[in-house]
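Got chain G sorted already, so can you dock chain D onto it with the hints?
2 protein chains.
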Amino acid sequence: MGIFSADIKSFEDLFLHQLRDIYYAEKQIVKALPDMIEKADNAQLRQAFQHHLEESRGHVQRLEQVFGMIGQEAKGVNCPAIDGIIEEANDIAGDVSDARVLDAALAAAAQAVEHYEMSRYGTLIAWAQEMGNQECARLLQQTLEEEKAADRKLTEIAEDRLNRAA
Amino acid sequence: MGIFSADIKSFEDLFLHQLRDIYYAEKQIVKALPDMIEKADNAQLRQAFQHHLEESRGHVQRLEQVFGMIGQEAKGVNCPAIDGIIEEANDIAGDVSDARVLDAALAAAAQAVEHYEMSRYGTLIAWAQEMGNQECARLLQQTLEEEKAADRKLTEIAEDRLNRAA
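Line by line, the protein sequences give chains G and D. The first sequence: position 33 = 38 (my numbering), numbered continuously. The second sequence: position 74 = 79 (my numbering), numbered continuously.
Here chain G stands alone, though its shape is the one from the complex (with noise of 0.2 Å):
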């Protein structure tokens, strides 16, 4: 985003520059999963992962969508801070020996990836509804609820784990 101050003049340059974000971002996802999806012990964790990744590739196509709505190109700017996520997943995705705590890592990170997702998700909504353009909003929010309904299976695998610990 290091153009950001000379391109954003208004509010619909503003909505466009963060769908071009999330957009670099959903497909960086598409790409780290597949690895995460191979490094997880735990079938229920793999299975989360799996399902998501096909969700993601259902977001790219929904924010194709997007871009059409606002007669604007589909493509991506880079985005630091998803690299970062990612950068953080991926050195997780390593070879930690103990495959219990190589599931916690996993899953941690895949759920910083989903709450930088909801927070673009959740602003990229208001902005939508700011514009007035209610069928991107509702386009939106269906992957919101997507997003939110992956960070609560996560959270769910981690409680069955303490659950069995305890």
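These aren't lab readings, by the way, just hints derived from the structure by calculation. Quick caveat, the model's predicted, so the values are computed rather than measured. A hint or two may mislead.
Note that identical chains are pooled: a pair holds if it fits in a single copy or bridges any two copies.
What the hints assert, rightly or not - Simulated pairs of lysine-lysine, DSBU-like, Cα-Cα distance not exceeding 30 Å: (1) LYS14 with LYS36; (2) LYS158 with LYS14; (3) LYS14 with LYS80; (4) LYS153 with LYS32; (5) LYS36 with LYS80; (6) LYS32 with LYS80; (7) LYS80 with LYS153; (8) LYS158 with LYS36.
For chain D alone, coordinates are given in the frame of chain G:
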């Protein structure tokens, strides 16, 4: 977190690493907020940032208490995630000409920071419980509640703006 895989063998190691990650993050947030306060135009937003700056200083001290509780020296580790989020926030805090658009961008950046913190504190609390350290979990829960409240406050400010625009 580049040295993660070499260092993390137990849940205690993972907890300590994550604690160092958020300790670094909170300190970076304390450094970043004064510039955001200076750039914000809306009085409510400036107040919310100012309040969160004071809270964040308290979060740093609370983390130092947690380090003490587990018999470790308080120190940070580099965290590319928060660096990336703050890099984006700093870009936004540049010189977007329209005050209302800049306020919206600043609030969005702050919400991305809040969500990162919420995900990290949520994880730390779960792990503290997993390790049977209820005292650490309770202390971290206080911070999590403050982060959630800060995020809700920013959403309310955005909704107020939306209602005034309607």
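A quick look at each hint next to the structure:
1. Within a single copy, LYS14 and LYS36 get their C-alpha atoms only as close as 32 Å, which misses the 30 Å cut-off; across copies the closest is 27 Å, which meets it.
2. In this assembly of identical chains, LYS158 and LYS14 lie within 30 Å of each other by CA distance solely across copies; the values are 25 Å between and 39 Å within a copy.
3. With identical chains, the CA atoms of LYS14 and LYS80 are at most 30 Å apart within one copy only, with a shortest distance of 19 Å there and 41 Å across copies.
4. In this assembly of identical chains, the alpha carbons of LYS153 and LYS32 lie at most 30 Å apart whether taken from the same copy (18 Å) or from different copies (28 Å).
5. Proximity of LYS36 to LYS80 under the C-alpha cut-off of 30 Å is restricted to the intra-copy arrangement: shortest distance 16 Å within a copy versus 33 Å between copies.
6. Taking CA atoms no more than 30 Å apart as the test, LYS32 paired with LYS80 passes inside one copy only; the shortest distance there is 11 Å, against 34 Å between copies.
7. In this assembly of identical chains, the alpha carbons of LYS80 and LYS153 lie at most 30 Å apart only when taken from the same copy (25 Å versus 32 Å across copies).
8. For a Cα distance limit of 30 Å, the shortest separation of LYS158 from LYS36 inside one copy, 21 Å, qualifies, whereas the shortest one across copies, 34 Å, does not.
Against the hints set out earlier in the document, no violation occurs for any number.
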